[in-house]
Amino acid sequence: MEFSELIRTGRAQAELLPGPEEAPLRGTLCVTGHHLLLSPGPPSTPDLWLLLLRSVDSIEKRVAGDSGTITLRCKDLRVLQLDIEGVEATLDIARSIEALSSLESVITSFPFFYRPKGLRLGDAWHFHPPERYYKRVARETNAWRLSEVNQDFSLCSSYPRAVIVPRAVDDDALAQCARFRQGGRFPVLCYHHAPSGTVLLRSSQPLTGPQKRRCAEDEDLLRAVLTGARPGAQGFIVDTRSSQAAKQARMTGGGTEAKAAYPGWKRLHRPLERGRALQESFVRLVEACGDTEQSMDRWLSRLEGCRWLAHVKEALSTACLAAQGMEREGACILVHGAEGTDSTLLVTSLTQLILDPLSRTITGFQELVEREWIQAGHPFQLRCAHSAFSHTRPKHEAPTFLLFLDCVWQLGRQFPLSLEFGEGLLLALFEHAYASPFGTFLCNSEKERCLCEVRTRTHSLWSGLNQPKEQRKLRNPLYVPNPLAIWPSVEPQSLRLWQGLFLRWTRPPEPSEVAWEKVWQIVTEREKTGDSAHSFCLSSQPKQ
Amino acid sequence: MEHIRTTKVEQVKLLDRFSTSNKSLTGTLYLTATHLLFIDSHQKETWILHHHIASVEKLALTTSGCPLVIQCKNFRIVHFIVPRERDCHDIYNSLLQLSKQAKYEDLYAFSYNPKQNDSERLQGWQLIDLAEEYKRMGVPNPHWQLSDANREYKICETYPRELYVPRIASKPIIVGSSKFRSKGRFPVLSYYHQEKEAAICRCSQPLSGFSARCLEDEHLLQAISKANPVNRYMYVVDTRPKLNAMANRAAGKGYENEDNYSNIRFQFVGIENIHVMRSSLQKLLEVNGTKGLSVNDFYSGLENSGWLRHIKAVMDAAIFLAKAIMIENASVLVHCSDGWDRTSQVCSLGSLLLDSYYRTIKGFMVLIEKDWISFGHKFSERCGHLDGDPKEVSPVFTQFLECVWHLTEQFPQAFEFNEAFLLQIHEHIHSCQFGNFLGNCQKEREELKLKEKTYSLWPFLLDDQKKYLNPLYSSKSQRFTVLEPNTVSFNFKFWRNMYHQFDRTLHPRQSVFNIIMNMNEQNKQLEKDIQDLESKIKQCKNKQSDGVLTKELLHSVHPESSALKTSLCLKEQTLLPVNDALRTIEGSNPADNRYCDYTEEFSKAEPGVVSLEYGVARMTC
Chain R
0 MEFSELIRTG RAQAELLPGP EEAPLRGTLC VTGHHLLLSP GPPSTPDLWL LLLRSVDSIE
60 KRVAGDSGTI TLRCKDLRVL QLDIEGVEAT LDIARSIEAL SSLESVITSF PFFYRPKGLR
120 LGDAWHFHPP ERYYKRVARE TNAWRLSEVN QDFSLCSSYP RAVIVPRAVD DDALAQCARF
180 RQGGRFPVLC YHHAPSGTVL LRSSQPLTGP QKRRCAEDED LLRAVLTGAR PGAQGFIVDT
240 RSSQAAKQAR MTGGGTEAKA AYPGWKRLHR PLERGRALQE SFVRLVEACG DTEQSMDRWL
300 SRLEGCRWLA HVKEALSTAC LAAQGMEREG ACILVHGAEG TDSTLLVTSL TQLILDPLSR
360 TITGFQELVE REWIQAGHPF QLRCAHSAFS HTRPKHEAPT FLLFLDCVWQ LGRQFPLSLE
420 FGEGLLLALF EHAYASPFGT FLCNSEKERC LCEVRTRTHS LWSGLNQPKE QRKLRNPLYV
480 PNPLAIWPSV EPQSLRLWQG LFLRWTRPPE PSEVAWEKVW QIVTEREKTG DSAHSFCLSS
540 QPKQ
Chain D
0 MEHIRTTKVE QVKLLDRFST SNKSLTGTLY LTATHLLFID SHQKETWILH HHIASVEKLA
60 LTTSGCPLVI QCKNFRIVHF IVPRERDCHD IYNSLLQLSK QAKYEDLYAF SYNPKQNDSE
120 RLQGWQLIDL AEEYKRMGVP NPHWQLSDAN REYKICETYP RELYVPRIAS KPIIVGSSKF
180 RSKGRFPVLS YYHQEKEAAI CRCSQPLSGF SARCLEDEHL LQAISKANPV NRYMYVVDTR
240 PKLNAMANRA AGKGYENEDN YSNIRFQFVG IENIHVMRSS LQKLLEVNGT KGLSVNDFYS
300 GLENSGWLRH IKAVMDAAIF LAKAIMIENA SVLVHCSDGW DRTSQVCSLG SLLLDSYYRT
360 IKGFMVLIEK DWISFGHKFS ERCGHLDGDP KEVSPVFTQF LECVWHLTEQ FPQAFEFNEA
420 FLLQIHEHIH SCQFGNFLGN CQKEREELKL KEKTYSLWPF LLDDQKKYLN PLYSSKSQRF
480 TVLEPNTVSF NFKFWRNMYH QFDRTLHPRQ SVFNIIMNMN EQNKQLEKDI QDLESKIKQC
540 KNKQSDGVLT KELLHSVHPE SSALKTSLCL KEQTLLPVND ALRTIEGSNP ADNRYCDYTE
600 EFSKAEPGVV SLEYGVARMT C
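Going down the list, the sequences are from chains R and D.
Each step along the first sequence adds one to the number in numbering that gives the first Met the number 0, with nothing skipped, and position 439 is 438.
Each step along the second sequence adds one to the number in numbering that gives the first Met the number 0, with nothing skipped, and position 162 is 161.
To be clear, the hints were calculated from the coordinates, so they are not data collected in a lab.
Source: prediction; values computed, not measured.
Virtual Cβ for every residue (Gly too), placed ideally from N, Cα, C.
Hints are not guaranteed to be accurate.
Chain R side only, calculated, beta carbon under 8 Å to chain D, not exhaustive [to be verified]:
id: 1; residue: Tyr-261
id: 2; residue: Ser-300
id: 3; residue: Glu-303
id: 4; residue: Leu-416
id: 5; residue: Ser-417
id: 6; residue: Glu-419
id: 7; residue: Leu-473
id: 8; residue: Leu-477
id: 9; residue: Glu-490
id: 10; residue: Trp-519
id: 11; residue: Ile-521
id: 12; residue: Thr-523
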């Protein structure tokens with residue numbers, strides 16, 4: 000397919016209003032296969048203004064007289080306005096943007112064409128393979144092994160090629176387990192907590208169905224988990240659905256682990272919102288944040304009504320529950336909901352952030368996102384197809400990953416010294432998850448990524464982010480490694496709206512950004528003076 | 000002492016307010032003449048000043064003992080369980096007596112002795128000099144002068160002796176105007192903007208009823224507008240809601256009729272009265288005190304209390320003032336009913352927006368002395384220092400502090416002081432430990448001989464100023480000469496560090512502030528060291544050319560300077576737990592990961608969690 004078929008008008012004269020505080024930009028507007036360009040013409044600066052078409056969430060056109068206005072609402076919640084000369088041009092450009100921004104095909108998307116200077120293809124793709132994580136686990140315990148039973152994705156289409164499973168369970172048994180779990184997602188290890196010797200596992204729901212089916216291999220696997228931890232160890236199954244919803248799932252073939260079948264394991268239900276309800280919560284919050292005229296009462300009631308912060312609280316406290324079980328009670332934890340690709344990952348990844356100091360470093364956090372979200376099969380392409388502005392009815396969209404980022408931000412606010420990364424990294428991940436020149440968040444699973452050859456034909460976001468020039472934006476200048484678990488407060492008084500994301504474009508430039516710059520200054524100054532004082536001392540020493 | 004029957008009770012339990020698993024600490028409760036003291040088994044002390052106690056409640060007897068709930072004016076709430084009902088009853092009765100004194104002379108300030116001699120005490124009181132402050136603003140000048148009309152408190156008992164009025168306003172005009180104003184509080188100068196030659200003036204409502212007029216009052220207002228050489232019209236801002244002001248007309252009071260006064264523009268700004276504010280705070284605290292509060296209940300509670308709406312109203316009024324002066328160059332006259340609550344809020348906040356001096360530590364003290372203390376905000380009644388009418392109590396000053404806090408959040412570099420400073424001031428308006436906030440007006444304070452019998456708070460705060468410095472403050476930044484806050488609704492947040500200042504579990508576990516403060520200090524010290532060393536090396540070179548090397552020099556260029564040492568061991572330093580015997584705004588320990596129970600299911604299963612937690616924390620620290 001040729002993009003040129005979709006581009007009706009190549010160019011037009013236009014004025015761009017980027018936001019309430021920024022100056023308008025005039026120039027020639029140009030639609031290309033992947034971008035919207037605005038070139039300000041020779042007298043002013045040669046800088047191009049560029050927008051990835053993929054990041055347009057919704058488009059609105061209005062014509063009056065012989066000019067038109069296009070309002071672009073972007074997936075990163077920015078709202079742009081384009082005033083275009085000529086009615087025909089306006090309509091054509093609007094139609095072109097509409098068509099190009101909603102292309103479904105993965106292999107014609109921009110990451111397959113993006114070739115930035117200074118990066119080599121395939122560089123960082125083997126940055127965080129499961130093998131590497133397994134090495135870490137193997138150093139701590141030998142109760143686990145790396146299984147390549149899913150080498151050809153036949154057992155589970157949403158798992159990576161290699162997974163970590165109990166040493167006592169062979170690949171044939173795993174195949175049986177996979178048949179007993181929805182989507183083949185049998186229980187696998189996601190984190191080994193060395194201080195307590197316990198493990199965190201995830202899976203999908205068991206397919207018990209109305210007949211309360213059982214699966215001996217699945218029961219064996221979970222028994223092996225407990226004996227692998229220590230004799231007599233206890234386990235908790237954290238089900239992210241209400242007990243009623245879990246029971247109802249039996250009617251459609253799903254269900255939950257029967258108490259009698261899994262001795263030593265106890266079930267806890269912590270219902271987390273998912274799917275459409277979560278998407279609607281996101282949409283309503285963004286709507287409320289776009290209204291600068293509303294009264295205090297209206298704002299507070301909308302903030303309450305959208306329930307977003309309630310979801311943050313639920314997610315965090317469920318993760319705390321799992322972490323508490325592991326660290327304080329010495330129990331193994333298995334987390335699952337229904338498919339095990341959304342709220343399950345939310346809980347397991349947050350639990351690791353709370354417990355594991357390594358996951359709070361920049362590399363560790365990238366590895367966590369790669370391992371617990373991308374390779375674990377969170378369907379990014381479906382979930383992030385649209386952001387909060389889309390007019391189409393949501394089908395598979397849900398801001399689960401954004402909810403995770405928000406929870407991480409809350410952790411960072413409560414422990415400002417314990418995360419090596421700052422808000423900048425979280426904002427970048429949010430943007431790239433929805434629309435990105437990099438291939439990292441493309442597709443829904445490893446299997447699809449292999450089919451599309453994402454790893455060989457696109458650049459990885461991690462190599463983009465890990466360039467030295469990006470570091471100041473992403474790093475937390477105040478980071479001090481903290482070897483302990485970080486227990487957040489989950490009281491509503493302690494949770495805040497993430498203004499840096501939800502009000503990023505409606506608010507005038509933040510004075511706190513200036514303050515943050517000052518913090519950087521103080522920190523670097525300290526390093527500098529510390530160094531020079533030190534070298535002074537050394538240089539003066541020989542005189543003695 | 001006659002109120003104290005039991006001075007010591009052992010085996011008392013202190014319950015955690017927010018824990019879901021009824022965690023408690025056991026310790027000993029002591030009752031002294033001034034404080035209630037609880038020492039738990041880890042020797043951690045909790046001191047509660049009797050004057051801080053707002054209410055004491057004895058709940059129904061339980062199997063473990065008799066519960067005693069104490070609510071404090073600084074928003075601390077403690078829940079004790081006393082094993083024997085008799086002890087509980089004794090303490091309850093003692094606290095009831097001790098927390099509500101009938102006479103000023105029984106307040107803590109009259110017995111508090113910080114070991115200073117009389118001249119130090121006097122110096123302390125002279126630290127803030129309002130005459131000096133008016134000079135700084137640029138008065139007296141050709142348009143404004145000091146009036147001696149109230150020198151003996153003859154015209155207005157609740158005003159200070161020294162008042163600044165327009166030069167062309169004669170004494171008969173002032174006297175006439177004061178007779179037309181509620182409580183005799185006629186229009187006087189509160190803040191003078193030197194550059195714009197415009198003024199913020201304050202007064203109380205006119206006794207206009209439905210039609211009454213007063214020529215002197217009209218003259219005085221005209222004199223104020225004439226004192227502004229640039230702009231002839233002035234704003235008259237009535238800070239009340241229009242309905243309240245209209246209702247006052249029936250009682251012979253009311254507001255200015257624009258037809259009778261030349262060159263005025265009249266404006267209502269709609270801040271509610273002290274009773275609405277009191278019940279609003281009450282509602283807010285009720286919501287926050289709920290155990291296991293859900294996010295939705297919290298926000299609907301916050302909305303229903305109306306608290307943030309009131310804060311926004313005060314802020315909007317102050318912005319109106321600042322804009323009138325900065326943009327239109329117009330003088331403003333502010334009043335409410337009596338001109339000592341809402342008027343104080345709006346005038347002081349307006350000046351704070353306009354003048355960066357008030358955003359320094361010293362300047363903020365001056366601002367409070369001027370617009371609140373000297374102009375007769377009734378601190379003793381509003382804070383309930385004595386056993387009096389509970390309907391007079393209202394968090395008007397707390398709201399002012401909260402507005403300032405919101406400004407510090409929006410302009411993190413504009414203030415020399417930090418949040419701890421605001422909290423400390425709030426602590427002391429209720430503590431009755433210092434004389435500044437006792438009494439309701441200057442006349443009363445003189446009669447109480449406060450300056451001879453009590454101490455001033457300000458020198459103590461200044462001595463401690465290190466604790467209150469904002470490390471991000473940049474005094475030079477031109478951007479911040481006039482603050483223009485944005486009052487869009489989402490800029491107003493619940494002030495957790497005020498209303499939950501003693502609920503440690505709710506706070507961020509690590510404080511950025513302390514760390515940056517430390518770094519700043521070290522930067523300065525290191526720079527100084529480098530300079531020292533550089534100059535010494537120079538010296539050294541000179542002397543070497545003379546062939547002399549003194550022993551002193553060798554000693555001074557020691558490889559490990561003290562500052563360097565501190566910087567190198569910064570990490571260990573910050574790992575030390577901070578002393579939080581009295582209060583902590585934020586945890587400041589990077590390794591602090593205060594753990595709390597997230598579910599009851601686990602804690603029921605294993606009761607040994609508490610001791611385990613302690614052990615783990617100790618081992619890893």
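Chain D contact restraint for Glu-303 of chain R - C-beta distance below 8 Å: Holds, because the Cβ-Cβ distance from Glu-303 of chain R to chain D comes to roughly 4 Å (cut-off 8 Å).
Restraint satisfaction for Ile-521 of chain R [CB to CB of chain D, less than 8 Å]: Status holds, d = 5 Å.
Chain D contact restraint on Ser-300 of chain R - CB to CB distance below 8 Å: Nearest chain D Cβ about 5 Å off; hint holds.
Agreement of hint Glu-419 of chain R with chain D interface, Cβ distance less than 8 Å: 13 Å, violated
Hint check: 8 Å Cβ-Cβ cutoff, Tyr-261 of chain R to chain D: 17 Å, violated
Evaluation of the interface hint that places Glu-490 of chain R against chain D, nearest CB under 8 Å: At 5 Å from the nearest chain D Cβ, Glu-490 of chain R passes the 8 Å test, so the hint holds.
Hint check: 8 Å Cβ-Cβ cutoff, Leu-477 of chain R to chain D: 6 Å, holds
When the least beta-carbon distance from Leu-473 of chain R to chain D is tested against 8 Å, hint result: This hint is violated: Leu-473 of chain R lies away from chain D, its Cβ roughly 18 Å from the closest one there, beyond 8 Å.
Ser-417 of chain R as chain D interface residue, shortest Cβ-Cβ below 8 Å: 7 Å, holds
Satisfaction of the Leu-416 of chain R interface hint, Cβ to chain D closer than 8 Å: 4 Å, holds
Given hint Trp-519 of chain R near chain D, where the shortest CB pair must fall under 8 Å: It is violated, given that the least Cβ distance between Trp-519 of chain R and chain D is near 11 Å, above 8 Å.
Status of the hint placing Thr-523 of chain R at chain D (closest C-beta pair under 8 Å): Given a least distance of 10 Å, the restraint on Thr-523 of chain R is violated.
Hint violations for this structure: numbers 1, 6, 7, 10 and 12, all remaining hints satisfied.
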